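Trainee: Chains as they are written, first to last, in the numbering used here: chain V, 41 to 396; chain W, 54 to 302; chain L, 9 to 83.
Hints in this document: simulated from the structure, not taken from any laboratory.
Values in this document were obtained by computation on a predicted structure and should not be read as measured data.
Even glycine gets a Cβ: it sits at the ideal position worked out from N, Cα and C.
Treat the hints with caution; some may be incorrect.
[As the list claims (entries may be wrong)] Straight line, CA to CA, 25 angstroms or less: simulated BS3-like cross-link-like pairs of lysine-lysine:
hint, chain 1, residue 1, chain 2, residue 2
1, V, K244, W, K246
2, L, K77, W, K240
3, V, K395, V, K341
4, L, K77, W, K280
5, L, K45, W, K240
6, V, K43, V, K222
7, W, K283, L, K32
[As the list claims (entries may be wrong)] Chain L is faced by these chain W residues, among others (derived, beta-carbon under 7 angstroms):
hint, residue
8, M54
9, Q56
10, I57
11, Y59
12, Q60
13, R61
14, E69
15, P74
16, C76
17, I80
18, G272
19, A275
20, V276
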Amino acid sequence: MQKELWKGNEAIAEAAVRAGCKAYFGYPITPQNEIPEYMSHRMPETGGVFLQAESEVAAINMVYGASAAGVRAMTSSSSPGISLKQEGISYLIGAELPAVIVNMMRGGPGLGTIQAGQADYFQATRAPGHGDGHMIVLAPSGIQEAVDLVADAFDMADIYRNPVMILADGMIGQMMEPIVWKEREAVALPPKDWAALGREAPGKTHFVTSLRLQSPENERFNQELTGKYQRIADKETRWEEIDCQDADLIIVAYGTTSRICQSAARKLRQEGIKVGIFRPITLWPYPYEALRKAAQQQSVKAVLTVEMSSGQMVEDVRLAMCGLKPTPFYGRTGGMIPETDDVADKVRQILQEVKP
Amino acid sequence: MSQIVYQRSPGLQDVETHYCPGCHHGIIHKLIAEVLTEMDLLDTAVGVCPVGCSVLAGNYINCDFIEAAHGRAPAVATGVKRTHPELPVFTYQGDGDLASIGAAEIMHAAMRGERFTTIFINNAIYGMTGGQMAPTTLEGQKSTTSQSGRTRELHGLPVRMAEMLSTLDGMAYAERVCVADIPSLNKAKRAIKKAFTLQMQGIGFTFIEVLSTCPTNWGMSAVDAGKWVKSNMTQYYPLGVVKDVEVQA
Amino acid sequence: MKAKVTFNLDRCKGCGLCVSVCPKHILWLDETVTNVKGYHPSGISDQDKCIACGNCAKICPDSVITVEKLDEEKK
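With the hints as constraints, model all of the structure from the sequences given.
Mentor: Encoded structure:
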């Protein structure tokens, strides 16, 4: 397999095309503009549909339409644009439609900045849209992983009939890294016999909808969704543990932040401080059990969460830990990127403070 | 020996509708059902229903349907038609759905000349939510959010969607009709048929604005409401062909 | 009798649109009758006068009415 140098945004777009994405609808917003730009010529080349929609709202609804008609469809945006898509995402969840949504996070709130951030964690994992329901949220830490996760995202979306989000930050979109296009094993996919692309017979029509006016029916549906999400949690939860064995302290971080923390960990190892990295890959479903297990080791004195936000994933870490060990937080936000040395300082400070 | 002059169209599902007595939705649904039956498009048609009284249209017309979020039907239809250009696709939208929250979506669909048909039900009020003012509510007309009547100073004058959208090159055919009496109803059916015919020929975006009633929220009988369409609404919203590219060409 | 007009009475919502478009004025809402929905359904007062124009059936929002034209021989 030949290594190729790709820019993150373009690699993600190409990965979608290779995964059989046949419709892309998007809107310009920094720092993900290369995705619609790349798709504007690549989609027609591969017999797919590209349209720059009039807004992010329109784009997610075009995805909804294409998906309802049985097509693998995708959109991408960045934080403020994802807010606009929340209504559409709720409708996708309610209508049980597959879709892939890419969020290249930037600093917020509001218009914020165009620099990278991780402050959409709550939005992605807690409130993809109104109502009960979840998106599967995948967090790559580099371009190779992003490319692999995009392919997984389309499969998961079809298997579970649910929207899936690739939650990355602006750095992943903008940087360039060498990647390989891996051969993937074909996955067994359920038929889309529910799709609205022509009725089966008079009186046997498909009605793709999220409207369930009768509350008992709506409750039943929500219970089925809960069952679906449990199945997803059982089967699809992913994480990576790096040097967590006998660690003095575990850092929990995802995306680019996890790589910065890995650099800090390597530095600290040279001083004899054993720092492990626990890197969630699925932010929803979150690897609560695995995290708690890693933290239960006697050597671990604290579990530090590092994020590019004011502290969002730290709440899931604290939920996993239930007070078992101290769970401090370190973050930079508003588009600022944590520095390796600052993370290392924080680790040293924590280990000082927890000494008996 | 007898010959059927009129019976329930097979283009309708054999169910009762939730619409109020005399609501024109029922009539317009029938016209669409009849047109799709006559054009043999029921097997492949995909309708997109809005948020509003006709949110359940997918249960009434005998073809596939997709429920859209409020105002987003043209975007949903774009997603379907662009990926499946061979399917007859249509949106069915009320005046709040299309002219208020969905103004951007319908404008851009017309601008792009999307090859689907929009049936726009203009009854100058928000029906489902209980009678609030719509972008098409007439000057002086009372609603629950314009209880002294719509005024130019406070609310601006209502919007004529067929004319406004027809300024766009992508609009291939726009006609305003009503179903308040039999001659008008016959014209409305012909207009809907023309719209679908042009869609299947791939000519461009087709738009039929149907002036309709809301007896419940207008506070009138169904019969009086029909008369009000002709006496009041057609003054501001003239019936007739607004744009026809084939004529202009 | 030129025509036969039948009503699916239980689906009628008593809106009166059919009454308003009948050119022979032979349709009415019978206020002595209530259907299963509680409406006064429409009915035809004089089938012999019906010319089978179909107006009533065309305008009915609920497709309650079926109109048949009978052959002239059958009197």
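Trainee: Evaluate each hint against the coordinates.
Mentor: Outcome of the hint check:
1. Restraint check: the Cα-Cα separation between K244/V and K246/W comes to about 24 angstroms, which is no more than 25 angstroms; the hinted pair holds.
2. Using a Cα cut-off of 25 angstroms, the hinted pair K77/L and K240/W holds, with the two alpha carbons roughly 23 angstroms apart.
3. Between the alpha carbons of K395/V and K341/V the distance comes to roughly 8 angstroms, so the proposed pair stays at or under 25 angstroms and holds.
4. Between K77/L and K280/W, the direct Cα distance comes to roughly 29 angstroms. Violation of the 25 angstroms bound is thereby established for this hinted pair.
5. Between K45/L and K240/W the CA atoms are separated by roughly 32 angstroms; this puts the pair beyond 25 angstroms, and the hint is violated.
6. Restraint check for K43/V and K222/V: satisfied, since their Cα atoms lie roughly 10 angstroms apart, inside the 25 angstroms limit.
7. With a C-alpha separation of about 22 angstroms, the suggested pair K283/W and K32/L falls inside the 25 angstroms cut-off, and the hint holds.
8. Because the beta carbon of M54/W sits about 4 angstroms from the nearest beta carbon in chain L, less than 7 angstroms, this interface hint is met.
9. For Q56/W, the interface hint holds, since its Cβ comes within 7 angstroms of a Cβ in chain L; the closest pair sits about 5 angstroms apart.
10. Annotation: I57/W was flagged as interfacial toward chain L, and the flag holds, the nearest CB pair being 6 angstroms apart, inside 7 angstroms.
11. For Y59/W, the shortest C-beta to C-beta distance to chain L is roughly 4 angstroms, which falls under 7 angstroms, so the interface hint holds.
12. Because the smallest distance between the Cβ of Q60/W and any Cβ of chain L comes to about 4 angstroms, under 7 angstroms, the interface hint for this residue holds.
13. Hint status for R61/W: holds, given a least beta-carbon distance of 4 angstroms to chain L, under 7 angstroms.
14. The beta carbon of E69/W comes within 6 angstroms of a beta carbon in chain L, closer than 7 angstroms, and the hint placing it at the interface holds.
15. The closest approach between the C-beta of P74/W and any C-beta of chain L is roughly 4 angstroms, which is under the 7 angstroms cut-off, so the hint is satisfied.
16. For C76/W, the interface hint holds, since its Cβ comes within 7 angstroms of a Cβ in chain L; the closest pair sits about 6 angstroms apart.
17. Interface hint status for I80/W: upheld, as the beta-carbon distance to the closest one in chain L is roughly 5 angstroms, under 7 angstroms.
18. A cut of 7 angstroms between beta carbons decides the hint on G272/W: the least distance to chain L is about 15 angstroms, and the hint is violated.
19. Hint status for A275/W relative to chain L: holds, with the closest Cβ pair at about 4 angstroms, below 7 angstroms.
20. For V276/W, the interface hint holds, the least distance from its beta-carbon to any beta-carbon of chain L being 5 angstroms, beneath 7 angstroms.
When each numbered hint is compared with the structure, violations occur for hints 4, 5 and 18.
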